[in-house]
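Below, each chain spelled out in residue letters.
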Amino acid sequence: MSTDAAGLGRGRAVGFMVPALVLIGVFLVFPALWTIYLGLTDFRLTGLAAADPKFVGAENYTAALGDERFHTSLWLTVQFVLGSAVIGQAGLGFAIAWALRDRSGPVRRVVEGLVLLAWILPSSVVAFLWIALLDGDQGTLNALLRTDGFAWLLDHPMASIVLFNTWRGTAFSMMLYGAALESVPPSHLETARLAGASAFQQLRDVVFPRIRGHMLTNLLLISLWTFNDFTAFQLTAGGPEGRSEILPVYIYNVALNGGKLGFGAAVSFLVLLINLVLALVYLRLLRGRRGVAA
Amino acid sequence: MRPARMLTALAAATLALAACGSEGSSSGSGDDNTLTITANAISGGKNAATADWTKNWLIPKFQEAQKAKGRNVQVTFQPNGVDDEQYKTKIALDLKSKAGADIIDLDGIWVGEFAQAGYIKPLNEAAGPEVDKWEGWSQIPEAVQGLGAFEDKKYGLPQGTDGRVLFYNKKLFAKAGLPADWQPKSWQEIIDAGTALKKAGVPTPLQIDAGTAMGEATTMQGALPLLVGTGSEIFADGKWAGGSQAVKDVLGFYRQIFTAGLAEPRLQQEAKGRDKSFQQFADGKIGVLAEGDYFWRSVIEPKAGVAPMQDREDTVGYALIPAKQPGAGVRGQDFVSMSGGAVRVLNPNSKNPKLAWELLAFMHSAEATKEGLIGEARITSRTDVNDEVLKDNPMLDFVAQKVLPITSYRPGLAVYPQVSVALQEATADIVSGKSVEEAAAAYDKKVADLVGPENVTR
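Quick mapping for you: the protein sequence lines, in order, are chains A and B. In this text, residue positions in the first sequence follow the UniProt record's numbering: the first is 1, and each later residue adds one. In this text, residue positions in the second sequence follow the UniProt record's numbering: the first is 1, and each later residue adds one.
Watch out, some of these pointers could steer you wrong.
Examples of chain A residues toward chain B, derived with CB under 8 angstroms [claimed, not checked]:
id: 1; residue: Thr41
id: 2; residue: Leu45
id: 3; residue: Gly47
id: 4; residue: Leu48
id: 5; residue: Ala50
id: 6; residue: Ala51
id: 7; residue: Gly136
id: 8; residue: Gln138
id: 9; residue: Ala237
id: 10; residue: Gly239
id: 11; residue: Pro240
id: 12; residue: Leu256
id: 13; residue: Asn257
id: 14; residue: Gly258
In case anyone wonders, no lab produced these hints; they're calculated from the structure. Being a predicted model, the structure only gives us computed values, none of them experimental. Built from N, CA and C at the ideal position, the CB exists for glycine as well.
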C-alpha cells in the first residue's frame, strides 16, 4: 500500500507543512527557549536588573524548587485539577450527558443552554457575578442561606474556586460525552438490560469501554486547561495568604506584582515541563488503548 | 487568478485598516500634535476629582492656549481605577515596551526603581534645558521636590504631599464614653479606646492596615508610622531595619489588637479589603482608622468620595499618631507620621517631548493647581497656592501645621518596595495567627536576602 495516500509528493507535502511549522516555531518553540534563557537571569520588572540583567545560572531553578510557596502552590494546583477538572467537570459533564441521553425537548434544551452559558460568558463578567454571590458582607448566597457575614472566599478559598471552575467548564465535557454516548449502540444497552445488568454494570461493561478514548482525550484537554487556568485570580487573587495561589497565579504574583521576571520565567519553565509530563502520560494511555483495540 | 484576487482583497483590507488607524491620531494641519495623560484616577471612582479636573478643565484650557498660538493640539486622558500595585505594574510594562502615555502619574516612591530601570529620564534630559528655567521650581520646597528626585536628579514634578493621622468616628466615641477631641498619647491609649469601643458594641473598633492584600497601604498607614513611633526608621545610616526589637514591638502591637479582637483579620486578607474598610468606616462600623489625608479629601468626601459621608465635618475627628510612649518616637518625638506624594513624569519615548513638557508645566502652574483643588482640597507642592487655600480647610491646615513638621519620609531607594513587601508579609503572618518571634525571624531573613546581611540592623 502506498504511504502517500493524497498523492501530493514529498515536495508539496513539505510545502503544506511549512506554514504550520513556522507558526509553531515562532509562537511556541522560540518563546519556550526564551523562557529558559530568562530563567537563567536575574531579570526584573524595575530597578537596575531591568536595564542590565545578569546571568545567574540555575539559581532561580534551585530557588524555586526549594521555595515553600512553590511547593504549596503545586499542591494546590493538583487539588484544583483533580477537584475541578477530573472530578468536577468530567464527572458532572458525564452525569448530565448520561441523564439527558435519550431525552429531547425543552428540558434538554434548557439544561444544555444553561451549562453552555456558563462556558461562553466572558470570564471577567463571570468572576464578578461569583464575587457578588460569595461575598461575605452582601453576598447573594449568604442572603439565601441566612448566614450573614460568612466569608466563603476567605474561609474556603480552594473549595470556592474548585466549585467555580467546575460550574464554569462543565459544558465542554458534557458536549464531548454527549457525542460519545451516541456512539454506544442502543442494542448493546438493551441486551445488557435484558440480561439483568444494573445501571452501574451497564456503565462499567458497555458504556465505558466504548468511550474510553473520548474520556482520555477529554481528561487530557481539561487537565491541561485547568492546570494553566488564570480565571480563579479574579475571584481570590491567590489569597488569603496564598491559600488559593495555584501555579498560574503564583507566577503572576511573583513575576509581575513582585517584579521578579527571571524567577517567574524559571517557574514558568517548570510548569511547562509538568504539562509535558501530564500530556505524555495521557498520550501513552491513549496509545495503549489503540494497541489493544488493534 | 485566485491568489491574485486574494492579494488584492488583503491589500484593500490593510489599507482600510491603516486609514482607520491614522484617522484618530493626525488631526488638522498634518503634523502630529497628540498627547496622552494617564493617572490612577477615573470619573465616578478612584480619585474622581483628579480625573474630572483633567478632562473638564485642564485639557480644554491647554488646547485653547495652544490654539491661540496657532497649534492644533489633541490631548486625551487615559483613566485607571485600580489598586496602586496593579497600576504600577501596568505603567512599568508600558514603559518597558516603549509605549504608554506622554505624561504619567507615579507614586514618588517608585521613581528610584523606574529611573534605575531606564524607564524614565531626568526632566531636563527628556525635554531639554527649558525645564530648569521653569517658574514653578522656586515655589516648591526642597523636601517636596525630593519626592520626584533620585540621586539628585529631578525626574518628576511633585503634585503635593500628605500626612498620616488617626481618623475616628465621634458618634461611636460618644457611645463608648470617649472624648470628642480624642488624642491618644501612647499605643496603650489606642488599645484602651479600642477596648472601650468593643464594649460599646462597635463591630470593628480599630483598623490599622496589615497584610499583603493592602499593598503599600499596609506599610505606609500601619507598619511605618508604628515603626517611627518606636524611635526607629526602616532605613537609617545606610542600613535597613531587620528583625530588631523595634520591628518586634510593631508586630507585637498588631498581635495585641488582633488577639484581643479589636481589629478584623478578614479586612486585611480580602482582595478588596481596603475599599471595604473605607465603606465600613463610612457606615459607622469602624471606630478608628489610620490613613493619610487622602481618606478625608477623596474617600469620605461628601460629594465625590468613593465612600461619601454627608456628616463628615461633624462625625469624623482626627488625631496625631502617638509614639509608643511619650518621647519614644523618632527624634525623641511624642507624635509621628509618614508622608509621601505623587509626581508626574515625562515618558522618554514621547514623540512630542517639548510639547509634553509644556503641558506638564501647565498642569503644575499656580492656576491649574488652584483649579485642581476645587473638587479635592489637598496640600499642593506650591507654596503660593498653599498659603492661599489651606487657611479655609481646618483638616488640611492641621496636616500642614501639626503633621508635616513631625513627619518622616520613605527612603527613595530602588530596593525599598521589596523591603516594604517583606514588612507587609510579616504583618500578614501576625494576622493569620503566627507569633511575633516567627514573623520577625521570617522578615529578618527576607531583608537580609534582599540587601545583604551586612546592611541589616538587628
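Here's how the hints hold up against the structure:
The interface hint given for Thr41/A is broken, as the beta carbon of that residue sits about 14 angstroms from the closest beta carbon of chain B, more than 8 angstroms. Checking Leu45/A against chain B by beta carbon gives a least distance of about 5 angstroms; that is within 8 angstroms, so the hint holds. Taking 8 angstroms as the C-beta cut-off, the interface hint given for Gly47/A holds, the closest approach to chain B being about 4 angstroms. Given the 8 angstroms rule on beta carbons, the hint for Leu48/A holds: about 5 angstroms separates it from the nearest Cβ of chain B.
Interface hint status for Ala50/A: upheld, as the beta-carbon distance to the closest one in chain B is roughly 4 angstroms, under 8 angstroms. Hint status for Ala51/A relative to chain B: holds, with the closest Cβ pair at about 4 angstroms, below 8 angstroms. Because the closest C-beta pair between Gly136/A and chain B is about 7 angstroms apart, less than 8 angstroms, the hint holds. Taking 8 angstroms as the C-beta cut-off, the interface hint given for Gln138/A is violated, the closest approach to chain B being about 10 angstroms.
Checking Ala237/A against chain B by beta carbon gives a least distance of about 4 angstroms; that is within 8 angstroms, so the hint holds. For Gly239/A, the suggested interface contact is upheld, since its CB lies about 6 angstroms from the closest CB of chain B, less than 8 angstroms. Satisfaction of the interface hint for Pro240/A is found here, the shortest Cβ-Cβ separation to chain B being roughly 3 angstroms, below the 8 angstroms cut-off. Interface restraint check for Leu256/A: the shortest CB-CB distance to chain B comes to about 5 angstroms, inside 8 angstroms, so the restraint holds.
Of the supplied interface hints, the one on Asn257/A holds, with its beta-carbon coming within about 6 angstroms of a beta-carbon of chain B, less than 8 angstroms. For Gly258/A, the interface hint holds, since its Cβ comes within 8 angstroms of a Cβ in chain B; the closest pair sits about 7 angstroms apart.
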